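Peer 1: Sequence:
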Amino acid sequence: MTTDDSQSGGGTSKVDAVIREYDLVGMGAELEDRWVGADGEEESTRDLADYFNQSVLESAIEGSDAPTLSGDIQQVYQSLREDDADAPLIRSRLEQSGVDIDSVMGDFISHQTVYRYLKNDRGAARPEQTPAERKENAINTIQRLRGRTTAVARQTIESLEKNDAISAGDFNIINEVQVLCEDCGRSYDIVTFLEQGGCDCHSE
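So the sequence shown is numbered by my numbering: it starts at -5 and just counts up by one.
One should not assume that every hint holds.
Derived CB-CB ranges, DEER-like [claimed, not checked]:
#1 Gly179 with Asp33: 36 to 42 Å
#2 Asn169 with Gly100: 46 to 52 Å
#3 Val185 with Leu154: 28 to 34 Å
#4 Asp194 with Gln69: 19 to 25 Å
#5 Arg142 with Asp17: 25 to 31 Å
#6 Asp33 with Glu56: 37 to 43 Å
#7 Lys113 with Gln69: 37 to 43 Å
#8 Glu15 with Lys113: 30 to 36 Å
#9 Glu176 with Asp96: 33 to 39 Å
#10 Gly163 with Arg138: 35 to 41 Å
#11 Gly141 with Asp194: 26 to 32 Å
#12 Ser197 with Asp77: 25 to 31 Å
#13 Gln106 with Glu35: 31 to 37 Å
#14 Ser161 with Pro82: 33 to 39 Å
I should point out that these hints are in silico values taken from the structure, not numbers from a laboratory. Small disclaimer: the values here were computed from a predicted structure and weren't measured. Glycine included, each C-beta is placed from N, C-alpha and C at the ideal position.
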C-alpha cells in the first residue's frame, strides 16, 4: 500500500487542491494503487479520472439537500458529462439543493491530469509486465469497456424513451467487436482472438 496523502505532504497540483476541497481522504494513494495494479489489475488514467470525478460529484451531492441523487452517482455523472436528455433536470435539482454544479464540474480532471499527477507529484511507476500479463490486462480493459458501452447504450435508450424522444419497448443490447483476419477471412470475437494469441492461420 502506498503512502497516504496525509503523510506525503500537501501538494500544490489541481488534484491535491480538489482532494482537500472535497475532503477525499486517501484519494491520492488510492489512485496510485489502482494505476500500478496493487491489487492485481492496473486501471487506465481514463478510468481513474472518471472515478475521481464521480467521487467529487458524490461529495458535493452528499453535502447538499439532494442526497438522494447520489444513489446512482455513475448515472448522474454520465448524464452531466454527456449532457443527455436527463441533464437539465439533474442540473435543476442540484442547483435548487444548493450545489453549484458548474463549479463542481470545473473541478473535474482529465486523464492527462491524472497521469501527470501520478508521475510527477507522486513519482509513481508501473512495474514491468510479462507478455502474458499485458494480454490479460488488455482483455480485462476491453471487457470493462464493452460492459460500460452496453450500460451507456441502455441508459441512453431508456432516457430517450422516458422523455418521449423514441419508442423502444422491450429491448436487449448486443455489443460485439469482431476481428477479421485479412489473410484467411476468419473472424473472431475480440476476446477470443486475444486469448488464443491471434488467428489460427498463423499457427497452421
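Peer 1: Evaluate each hint against the coordinates.
Peer 2: A quick look at each hint next to the structure:
| no. | hint | result |
| --- | --- | --- |
| 1 | Gly179 with Asp33: 36 to 42 Å | holds, 41 Å |
| 2 | Asn169 with Gly100: 46 to 52 Å | violated, 33 Å |
| 3 | Val185 with Leu154: 28 to 34 Å | holds, 30 Å |
| 4 | Asp194 with Gln69: 19 to 25 Å | violated, 41 Å |
| 5 | Arg142 with Asp17: 25 to 31 Å | holds, 28 Å |
| 6 | Asp33 with Glu56: 37 to 43 Å | violated, 26 Å |
| 7 | Lys113 with Gln69: 37 to 43 Å | violated, 31 Å |
| 8 | Glu15 with Lys113: 30 to 36 Å | violated, 23 Å |
| 9 | Glu176 with Asp96: 33 to 39 Å | violated, 49 Å |
| 10 | Gly163 with Arg138: 35 to 41 Å | violated, 29 Å |
| 11 | Gly141 with Asp194: 26 to 32 Å | holds, 27 Å |
| 12 | Ser197 with Asp77: 25 to 31 Å | violated, 48 Å |
| 13 | Gln106 with Glu35: 31 to 37 Å | violated, 22 Å |
| 14 | Ser161 with Pro82: 33 to 39 Å | violated, 21 Å |
Hints 2, 4, 6, 7, 8, 9, 10, 12, 13 and 14, counting from the list given before, are not met by this structure.
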